[in-house]
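*Asks:* Could you put the whole structure together from the sequences, leaning on the hints where they help?
Taken in order, these protein sequences are the chains called L and X. Heads up, the first sequence is in the working numbering, so the first residue is 1 and it goes up one at a time. Heads up, the second sequence is in the working numbering, so the first residue is 1001 and it goes up one at a time.
Hints are computed from structural coordinates only; laboratory data are not their basis. Fair warning: there could be bad hints in the mix.
List of simulated lysine to any residue pairs, SDA-like, C-alpha gap at most 25 angstroms [stated by the list, open to error]:
1) X:Lys1418 with X:Arg1478
2) L:Lys98 with X:Thr1336
3) L:Lys98 with X:Val1397
4) L:Lys98 with X:Leu1325
5) L:Lys98 with X:Pro1132
6) L:Lys98 with X:Val1471
7) X:Lys1418 with X:Val1397
8) L:Lys98 with L:Arg24
9) L:Lys98 with X:Lys1418
10) L:Lys98 with X:Arg1401
These numbers come from a predicted model, not from an experiment.
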Amino acid sequence: MSPTPFLVLSALLFSIGTLGVLVRRNAIVVFMCVELMLNASNLAFVTFARQHGNLDGQIAAFFVMVVAAAEVVVGLAIIMTIFRTRRSASVDDASLLKY
Amino acid sequence: MIPLADRAFDAPHLNYGRLSPLLIVFGVALAGVLVEAFAPRRLRYAINTVLSLVGLLAALIAVVLVAGDAPSHHGGVSLGSLEAVGAIAVDGPALFLWGILLVFGLLSVLLFAERHLEGGLTAFAGQAAALPGTDAEREAASRGVEHTEVFPLMMFALGGMMLFPAANDLLTMFVALEVLSLPLYLLCGLARRRRLISQEAAMKYFLLGAFSSALFLYGIALVYGFAGSFQLAAIDTAISARAGATSMLLVGMGLMAVGLLFKVGAAPFHAWTPDVYQGAPTAVTAFMAACTKIAAFGALLRVFYVAFGAANWEWLPVMWVIAALTMAVGSVIAITQTDVKRMLAYSSIAHAGFVITGFVGVQSAAEVGDTQVTSLQAVLFYLVTYGFATIGAFAVVTLVRDAGGETTHLSRWAGLGKEAPVLAGVFAFFLLAFAGIPLTSGFTGKWMVFAAAWAGGAWPLVVVAVLMSAVAAFFYVRVIVLMFFSDPVGDGPTVAVPSILTTAAITVGATMTLVLGVVPQPVLDLARQAGQFIR
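*Replies:* Laid out in structure tokens, this is it:
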């Protein structure tokens, strides 16, 4: 089975995630796009593990899942605090710090 | 395909003695969490402060002991060993970085624990969950509630920072990156005063940090796809053999570079630095500015020298451009800043540029004479000089205050020299060190990295670096002139009297900045003994 379709899908997901981070304005959506990028990496890891015939990539995918879960905890806590203070989760509204 | 089921599973052998500095720091962090859960509220501050200080001292002693009996290779060119089944390299550079991270960690704990400046409370939010300006916040303040969780958070971050430059495979490196970043995101949002900009800094740092680590991770995936292994040495072998798709390697290398350069705050990935440095509580800024940069440069050097060393014709030109751009952006934009913390942030960007200048210099010990240093050693030395001056400078910033807390606008610093000549003198000394004036550590540090870059043939970059040092000197001197030769506006700033903790941090920073400028040889010898990375 050729790994190419899986790698193309992973690259597509990664690109969608990157584009989303750059153009979306809601902090939660931006954060979801980052998660999409992490999952694109997971797909690439597993595909390459299959291709190289070793387990390293599959183990990496598990580690990435754990890291992503930890990141959600910290990230949502920060976005929640900002939302409760400002009544908005837009990344454009938080603009006290500039230049 | 190798039949995976046929492989026996062996329990990995861990040499706990060699890993003890890491284990102590993480152990103290976990103990700190337990203290938060079980100790009575009024005792937590004292227990956690003492626990952190004692833990860091113990880890520092462990580093010295481990360095004392580290095995040496290649006739003393490198020392140390690979531990934890090759996942962690406890080698000379890693031990050196551990040592300085722990020293700067100790100084940061002193700043974190300062309680004299806010009327008996730390500089961190009493109750982060209470909204700014509400009754809940006022009640928390009046009851004297404080978040002592900052100590375990800091210890977790420091543990991640120690693991980051010692990681010998890319997966460990990614986990270390997250372990150091996640606590820092939280710490940034915990300021007691000006909570809106503190929370904004935390959100910006978090979103951009998560974005950059996702790029870093995809880079790891592509490099793994190229080499079939996470081990740095195996990647080096694969690159030397050039098996497989090279474009995949190049893209992977580029994405990993973005992730690492983001952490060191190099242009064009520096945009978060000024915002986060300004918004975060100043003690956290001092910790971040010194320690994150050290850890990230350690990891950058290890990845690019050990894993990608065979492909250096591909990445050296890019690093040249980034070094020049970083120095220019940091030095030129700093001129227009009106906020002390922001100005120091741009100054730290410029310093990242100087370190990258050293990074592109001579890489192997065989190419340099006995009197010269390699890039790695020059960078290690520069990081020491930079760290002491940075922590000292930010510690001074915590002391200049008015009714609303720290007053960081530069106009409020006018006439500080008349108000508090000693403090203004010490700050001026740190600024001169940043500018690289002789008899300060900044001069010897810059001399080392420029010499390493020159010996490596990067002389155009050294010329740019010297020019940019001159530009940078302009805005440092401008602040000194403002402090000593301007009249205060209105009442002028007040200078708070700190406890022994902040005083100690500033004293150590200033003393070491002077000592490293006058007699740099002992630390330089240490950096030289650190030798090279092992593979």
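*Asks:* Run every hint past the structure and note whether it holds.
*Replies:* The hints, checked one at a time:
no.	hint	result
1	X:Lys1418 with X:Arg1478	16 angstroms, holds
2	L:Lys98 with X:Thr1336	13 angstroms, holds
3	L:Lys98 with X:Val1397	20 angstroms, holds
4	L:Lys98 with X:Leu1325	20 angstroms, holds
5	L:Lys98 with X:Pro1132	21 angstroms, holds
6	L:Lys98 with X:Val1471	23 angstroms, holds
7	X:Lys1418 with X:Val1397	17 angstroms, holds
8	L:Lys98 with L:Arg24	20 angstroms, holds
9	L:Lys98 with X:Lys1418	31 angstroms, violated
10	L:Lys98 with X:Arg1401	22 angstroms, holds
When each numbered hint is compared with the structure, a violation occurs for hint 9 only.
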